[in-house]
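Participant: As given, the protein sequences belong to chains A and B, one line each in that order. Numbering (the numbering used here) for the first sequence: 1 to 356. Numbering (the numbering used here) for the second sequence: 1 to 366.
By construction, these hints were calculated from the structure, which means they are not laboratory data. In this text, a Cβ means the ideal position worked out from N, Cα and C, and glycines have one as well. Check each hint, because a few of them may be wrong.
Here are the computed distance ranges between Cβ atoms for each label pair [what the hints assert, rightly or not]:
1. A:Pro85 / B:Ser212: 35 to 45 Å
2. B:Cys270 / A:Ala265: 40 to 50 Å
3. B:Arg48 / A:Leu320: 44 to 54 Å
4. B:Glu5 / A:Ala55: 12 to 22 Å
5. A:Arg242 / B:Glu127: 25 to 35 Å
6. A:Pro85 / B:Arg106: 53 to 63 Å
7. A:Gly155 / B:Glu127: 52 to 62 Å
8. B:Glu82 / A:Leu320: 48 to 58 Å
9. A:Glu34 / B:Arg156: 50 to 60 Å
10. B:Arg156 / A:Gly155: 28 to 38 Å
11. B:Ser107 / A:Gln255: 24 to 34 Å
12. B:Val302 / A:Asp54: 34 to 44 Å
13. A:Arg310 / B:Asp9: 37 to 47 Å
14. B:Ser107 / A:Arg242: 41 to 51 Å
Far from chain B, by Cβ distances over 10 Å, these chain A residues were calculated [said to hold, decoys possible]:
15. Ala56
16. Gly231
17. Ala232
18. Gly339
Non-contacting residues of chain B with respect to chain A, defined by C-beta distances greater than 10 Å in every case (computed) [what the hints assert, rightly or not]:
19. Asp9
20. Met179
21. Leu223
22. Gly278
23. Ile326
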Amino acid sequence: MNGTDPTLPDCPLPHSHRGRIILGHGSGGLLTGELIEHLFRPAFANPLLERGDDAAVADLPGELAAGGRLAISTDAHIVQPLEFPGGDIGRLAVCGTVNDLAMVGARPLWLTATFVIEEGFATARLERLVASMQAAAEEAGVAIVAGDTKVTGRGLADGVYISTAGIGVVPPDCETGGALAEPGDLVLCSGTLGDHGIAVLAARGELAFETAIASDIAPLNGLVETIYETGAAVHTLRDPTRGGAAAALCEIARQSGVAIILEEAALPVRPAVAGACEMLGFDPLHVANEGKLLALVPEAEAPAVLAAMRAHSLGHEAALIGRVEAEPPGRVVLETTIGGTRIVDMPAGELLPRIC
Amino acid sequence: MKYLEEYRDAALVRRVLDEIAATVTGEWTLMEICGGQTHSLVRSGLDRMLPPGLNLLHGPGCPVCITPLEMIDRALAIAAREDVIVASYGDMLRVPGTSGDLMGVRSTGADVRVVYSPLDAVTLARENPDREVVFFAIGFETTAPANAMSVLQAERLGLENFSVLVSQATVPAAIRAIMSRPGGRVEAFLAAGHVCTVMGWSEYEPLAEEFSLPIVVTGFEPLDLARGIAAAVHQLEAGRAEVENAYGRAVSREGNREARELIDRVFEPCDRTWRGIGTIAMSGLGLRPEFTRFDAIERFAVSEIDSAESQICIAGEILQGRKKPIDCPAFGTDCTPATPLGATMVSSEGACAAYYRYGRREGAGS
Numbered sequence: 001m002n003g004t005d006p007t008l009p010d011c012p013l014p015h016s017h018r019g020r021i022i023l024g025h026g027s028g029g030l031l032t033g034e035l036i037e038h039l040f041r042p043a044f045a046n047p048l049l050e051r052g053d054d055a056a057v058a059d060l061p062g063e064l065a066a067g068g069r070l071a072i073s074t075d076a077h078i079v080q081p082l083e084f085p086g087g088d089i090g091r092l093a094v095c096g097t098v099n100d101l102a103m104v105g106a107r108p109l110w111l112t113a114t115f116v117i118e119e120g121f122a123t124a125r126l127e128r129l130v131a132s133m134q135a136a137a138e139e140a141g142v143a144i145v146a147g148d149t150k151v152t153g154r155g156l157a158d159g160v161y162i163s164t165a166g167i168g169v170v171p172p173d174c175e176t177g178g179a180l181a182e183p184g185d186l187v188l189c190s191g192t193l194g195d196h197g198i199a200v201l202a203a204r205g206e207l208a209f210e211t212a213i214a215s216d217i218a219p220l221n222g223l224v225e226t227i228y229e230t231g232a233a234v235h236t237l238r239d240p241t242r243g244g245a246a247a248a249l250c251e252i253a254r255q256s257g258v259a260i261i262l263e264e265a266a267l268p269v270r271p272a273v274a275g276a277c278e279m280l281g282f283d284p285l286h287v288a289n290e291g292k293l294l295a296l297v298p299e300a301e302a303p304a305v306l307a308a309m310r311a312h313s314l315g316h317e318a319a320l321i322g323r324v325e326a327e328p329p330g331r332v333v334l335e336t337t338i339g340g341t342r343i344v345d346m347p348a349g350e351l352l353p354r355i356c
Numbered sequence: 001m002k003y004l005e006e007y008r009d010a011a012l013v014r015r016v017l018d019e020i021a022a023t024v025t026g027e028w029t030l031m032e033i034c035g036g037q038t039h040s041l042v043r044s045g046l047d048r049m050l051p052p053g054l055n056l057l058h059g060p061g062c063p064v065c066i067t068p069l070e071m072i073d074r075a076l077a078i079a080a081r082e083d084v085i086v087a088s089y090g091d092m093l094r095v096p097g098t099s100g101d102l103m104g105v106r107s108t109g110a111d112v113r114v115v116y117s118p119l120d121a122v123t124l125a126r127e128n129p130d131r132e133v134v135f136f137a138i139g140f141e142t143t144a145p146a147n148a149m150s151v152l153q154a155e156r157l158g159l160e161n162f163s164v165l166v167s168q169a170t171v172p173a174a175i176r177a178i179m180s181r182p183g184g185r186v187e188a189f190l191a192a193g194h195v196c197t198v199m200g201w202s203e204y205e206p207l208a209e210e211f212s213l214p215i216v217v218t219g220f221e222p223l224d225l226a227r228g229i230a231a232a233v234h235q236l237e238a239g240r241a242e243v244e245n246a247y248g249r250a251v252s253r254e255g256n257r258e259a260r261e262l263i264d265r266v267f268e269p270c271d272r273t274w275r276g277i278g279t280i281a282m283s284g285l286g287l288r289p290e291f292t293r294f295d296a297i298e299r300f301a302v303s304e305i306d307s308a309e310s311q312i313c314i315a316g317e318i319l320q321g322r323k324k325p326i327d328c329p330a331f332g333t334d335c336t337p338a339t340p341l342g343a344t345m346v347s348s349e350g351a352c353a354a355y356y357r358y359g360r361r362e363g364a365g366s
């Protein structure tokens, strides 16, 4: 871990710092070394990190020689509260980048992690978050091979921010992208929509009622692999995170110049999430997910893909939710439960609860 | 979900729509008063499943949309004070005042909180004794009981640091105003079910008689709305003009007596300005004299409010049912939910927001 920042003053080492992150932990000096040796390195243990140099040095993956390509992605994570039912910011930071790589068909290999920590943050809590990152990395089969730590003054950050970057490798024959959806494709969704957004809102204590909803945060690369193993020509994959399924599908419709027709009655939404949305005036299509994917595949191959998704632990509740048509291009249209239609648009901004 | 899915049943809705189609012989113009109903109509696509000849106008029943600009500017000025926490329902945060919105002042350091209930604002006041907590008490008869309760609660707790910025409106006065204006086209009203849950429907009977106006108490789910429309059409075709309850599972003629008493204890009728429409006599609720110490307007003397509306926005005419959102030159171009010129584009109940969000744009929506 390279934590040197010459602009920060070297902190004295007060005895009372134990158990808390202090400015000195970001100074690049002894305390930084201590943090790396006792906290980060043991948690993320892997040969690339072990070397302790300024950069991790890795061998080229075999697929590259055979015509594969690199996929590169980065993602910054801020969330309050830092820990919530179903996950925490650590798990979010790993899954966010792993999933971005997986959505272009890449096999994620390596991640880097940058921590911006607020002075006074409990070391035990940091340890918990780091352990959660490692657990998620192991689930995804990736290694965290480089990182950095900075410490801000108290009040200048909201506990901890974690930014991750990732590198993966796209197999030679894989062509998947947001601009590749075609009329005739079917839209598959790997499970229930809106769990993450409602879980975080509930954990913030912003709902006037209790819910038992847990976030769905999960690394999706295993599910993606399962999908590709069917041999289907997967045109588009997207994980509907911020902005929900509506934003993801609107982007695809615009990128591909196609219409996406959704069937409201087919959308998988847990009753508790549907109930929370009813009360708050939210559309489940606008609420964030962190462990779901949308797959657009040719109609003939959709049944096999759907069956494969349902056989995977992260896709039990997978559903066929819509189809791709030519008209009207760039639009997402919802066929409502009562047989009407309406356009589905990008959410305008922060979701605000309604008055009555 | 029980009590919801039954009212979104395609076959049942279709049956009522067929009944409407079989009944309609002429052209009729109906107005749904409530913004929640506007959204439900457009969201479900029901508005497009009605037979031709049946025209639905969207009424002024969105409390966010009709809150006067001057009142929003006042809230912005109060929120900018360092010793104040302004609490409000979420929708209010993005409603544009003359120079910005509450979300904007929050980004510059003001303490603006979203609450789900006015009683949460009372709790805020209790937990922050060194700050002034101002609750932006807006709404129709639906929110009035809880808003009244917050004042009574603050009084009971002896809170000196809680006040309310009141912008309450009442529905019957709005119906009277719409019907009294020359050139009005509305031939029947769908009354707002939740307002009638509190108030009952007897206060609509004089209106039905005076203006020969069918008024149907209507719920919010697609089937409720279809039934309300069907009842109005039956009356129009038969030449009847009565108050009818098509939301029997929630509304009784007397309404909720305890809730009405709460309103009467704290509030009294007053003239009020409706944004985009103007002043309507006795169409608002203000604090009774014995509660003026909880009035944020009295507590925070705000001077030099110079409120000026957008020159382009036609929200007023939309709120009166004279125009539809797509008649506005700025709709969907200069005015979108991200850059609203008027409140009807902001509120989750505003007609413009409903049209925009659910694709009621030129040629869109298939």
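Participant: Which earlier hints can't be squared with this structure?
Facilitator: 1, 3, 4, 6, 7, 12, 13, 14, 18, 19, 21
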